[in-house]
Amino acid sequence: MTIEDEELRNLYQTSSEEHLQKLNNGLLYLEAHPEDKTPFEELLREAHSLKGDSRMLGVNDVETLIHQIEHILGTIYRGETELTPEVSEILYAGLDNVTKLVREAVTGELSGVNIFQALAQLMGASTSSNEGENVSKTEEEIESANDSITESDSESFTEEIEPKTELVNQDLGEIRDNLTAIPNGKSPVPSPQYPIPNPQSQPYRIETIRVQTRHLDALMTETGELTVTQIRIAHQLNQIEEIAALWSEMQANKQKKVASPEIEQRIEASLKQLLTFAQENVARLDIISNDLEEKIRTLRLLPLANIFNLYPRTVRDLAKEFGKEVELIIEGGETTADKRILEQMKDPLLHLIRNAIDHGIETKSDRRELGKPKVAQLRLRGYQTANNIAIEVCD
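Numbering (the numbering used here), first residue to last: 345 to 739.
I should point out that these hints are in silico values taken from the structure, not numbers from a laboratory.
Treat the hints with care, since some could be wrong.
[Claimed, not checked] Result set (BS3-like, lysine-lysine): computed pairs, CA atoms no more than 30 angstroms apart in a straight line: (1) Lys718 to Lys664; (2) Lys664 to Lys716; (3) Lys683 to Lys366; (4) Lys690 to Lys668; (5) Lys664 to Lys708; (6) Lys683 to Lys639; (7) Lys366 to Lys601; (8) Lys668 to Lys616; (9) Lys690 to Lys708; (10) Lys616 to Lys601; (11) Lys690 to Lys664; (12) Lys616 to Lys598; (13) Lys600 to Lys616; (14) Lys718 to Lys366; (15) Lys381 to Lys366; (16) Lys690 to Lys366; (17) Lys366 to Lys616; (18) Lys718 to Lys668; (19) Lys381 to Lys718; (20) Lys381 to Lys664; (21) Lys668 to Lys381; (22) Lys718 to Lys708; (23) Lys668 to Lys708; (24) Lys690 to Lys718; (25) Lys690 to Lys639.
Please model the complete structure; the sequences and the hints are all you need to start from.
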């Protein structure tokens with residue numbers, strides 16, 4: 345479904361992107377610090393907020409998936425589910441599906457997400473371990489019961505036991521079949537049945553910018569200056585109309601061969617005054633336009649963290665793809681650059697990061713032979729030079 349109201353659609357897009365970014369970053373942190381439980385409160389709050397927003401706007405598929413993600417995070421927090429690499433993969437896949445469904449609700453473009461399959465994957469993360477334990481326990485109890493039957497007992501109760509044993513074996517076979525059918529956290533996440541558009545192929549756009557109230561106050565001040573200048577120009581327009589009337593009167597007197605020295609003097613004085621006022625207004629408008637341009641340019645300046653924060657998840661996935669261990673270190677995220685520049689830098693930076701992980705960083709075995717640390721460091725750094733913004737990708 346697509347959200348019809350434009351204002352609600354824009355608000356939902358902004359809030360959803362923030363919630364999903366925090367959920368991805370929080371999950372990355374939990375992977376690196378599994379003993380730290382402090383992020384769970386924020387993660388659960390972010391998931392709950394996104395679920396509430398989606399329910400309010402009728403984005404039911406997002407509500408369904410994010411509810412299950414919230415449930416899994418809760419079971420991990422309570423110690424009922426272990427955050428294994430397999431469970432992490434399922435959670436990441438769930439967040440990716442939610443991202444695509446949010447995009448569908450905002451843009452109307454089909455996400456290609458099979459909601460039933462996506463939900464089954466998430467449900468497998470919280471049920472596979474518990475159900476596996478229950479089936480294993482059932483098998484042990486059945487085997488223990490069979491072992492407890494003595495040879496003499498089996499002779500006297502053969503007719504009674506054999507039918508029950510057949511039933512027990514049949515039940516055990518069904519349980520094993522059901523266990524096989526249960527989504528297992530250790531199995532790879534199945535690929536969706538429908539083709540999913542590649543997010544990287546779509547142009548990166550920053551649709552909204554957060555503005556501090558002091559910047560809005562400054563713009564309102566400039567608006568006030570424009571209003572004053574507008575009033576001054578309107579007054580000068582009245583002066584021009586008066587001069588035109590005097591000119592017409594003077595021309596009429598000339599036809600009557602009547603001298604009009606006073607009218608000529610008034611026209612001359614008015615023109616001089618009008619010229620002075622016009623020069624002042626031009627100078628005033630020049631100052632206001634320059635101030636407005638500078639203030640708007642400042643509003644378009646965004647911290648590099650806006651795009652830097654997109655890469656920790658990317659680095660994690662690429663490192664896993666190439667069988668390497670990589671830690672991304674971000675520096676200079678507070679450095680600001682124009683919104684348009686940030687939009688254009690995303691894909692080139694992604695290309696550099698991918699090449700660094702694929703070709704620049706050695707495999708685990710090579711690093712071990714070279715005596716290098718097991719975990720490679722990839723540094724993403726931004727800083728201001730005299731006239732430019734510099735961004736470095738170092739491995």
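Status of the hints after comparison with the structure:
Distance hint between Lys718 and Lys664 is fulfilled; the C-alpha atoms sit about 14 angstroms from each other, no more than 30 angstroms. In summary, the hint linking Lys664 to Lys716 is supported, as the alpha carbons are separated by about 19 angstroms, within the 30 angstroms threshold. For a cut-off of 30 angstroms, the pair hint linking Lys683 to Lys366 stands: about 21 angstroms separates their Cα positions. A threshold of 30 angstroms between alpha carbons decides the hint, and for Lys690 with Lys668 the separation of about 23 angstroms falls inside it, so the pair holds.
Between the alpha carbons of Lys664 and Lys708 the distance comes to roughly 12 angstroms, so the proposed pair stays at or under 30 angstroms and holds. Proposed proximity of Lys683 and Lys639 is supported: the alpha carbons are some 14 angstroms apart, at most 30 angstroms. Among the hinted pairs, Lys366 with Lys601 is inconsistent with the structure: their alpha-carbon atoms are about 86 angstroms apart, more than 30 angstroms. With a C-alpha separation of about 79 angstroms, the suggested pairing of Lys668 with Lys616 is violated against the 30 angstroms cut-off.
Taking the CA atoms of Lys690 and Lys708, the gap is near 28 angstroms; set against the 30 angstroms cutoff, the hint holds. Restraint check: the Cα-Cα separation between Lys616 and Lys601 comes to about 27 angstroms, which is no more than 30 angstroms; the hinted pair holds. At roughly 21 angstroms between alpha-carbon atoms, Lys690 and Lys664 fall within 30 angstroms of each other, so this suggested pair holds. At roughly 23 angstroms between alpha-carbon atoms, Lys616 and Lys598 fall within 30 angstroms of each other, so this suggested pair holds.
Restraint check for Lys600 and Lys616: the C-alpha separation of about 28 angstroms stays at or below 30 angstroms, so the hint holds. Between Lys718 and Lys366, the direct Cα distance comes to roughly 28 angstroms. Compliance with the 30 angstroms bound is thereby established for this hinted pair. Only pairs whose Cα atoms come within 30 angstroms are accepted, and Lys381 paired with Lys366 is accepted, the gap being roughly 16 angstroms. For the given pair, Lys690 sits about 19 angstroms from Lys366 by alpha-carbon distance, which is consistent with the 30 angstroms threshold.
Distance restraint check for Lys366 and Lys616: the Cα-Cα separation of roughly 64 angstroms exceeds the 30 angstroms cut-off, and the hinted pair is therefore not satisfied. The straight-line distance between the Cα atoms of Lys718 and Lys668 is roughly 9 angstroms, inside the 30 angstroms bound, and the hint therefore holds. A C-alpha spacing of about 26 angstroms is found between Lys381 and Lys718, which places the hinted pair at or below 30 angstroms, so the restraint holds. Of the pairs offered as hints, the one joining Lys381 and Lys664 holds, with about 24 angstroms between alpha carbons and a cut-off of 30 angstroms not exceeded.
With a CA separation close to 27 angstroms, the supplied pair Lys668 and Lys381 stays within the 30 angstroms bound. Restraint check for Lys718 and Lys708: satisfied, since their Cα atoms lie roughly 6 angstroms apart, inside the 30 angstroms limit. Proposed proximity of Lys668 and Lys708 is supported: the alpha carbons are some 6 angstroms apart, at most 30 angstroms. A distance of roughly 28 angstroms separates the Cα atoms of Lys690 and Lys718; the hinted pair therefore holds under the 30 angstroms criterion.
A distance of roughly 25 angstroms separates the Cα atoms of Lys690 and Lys639; the hinted pair therefore holds under the 30 angstroms criterion.
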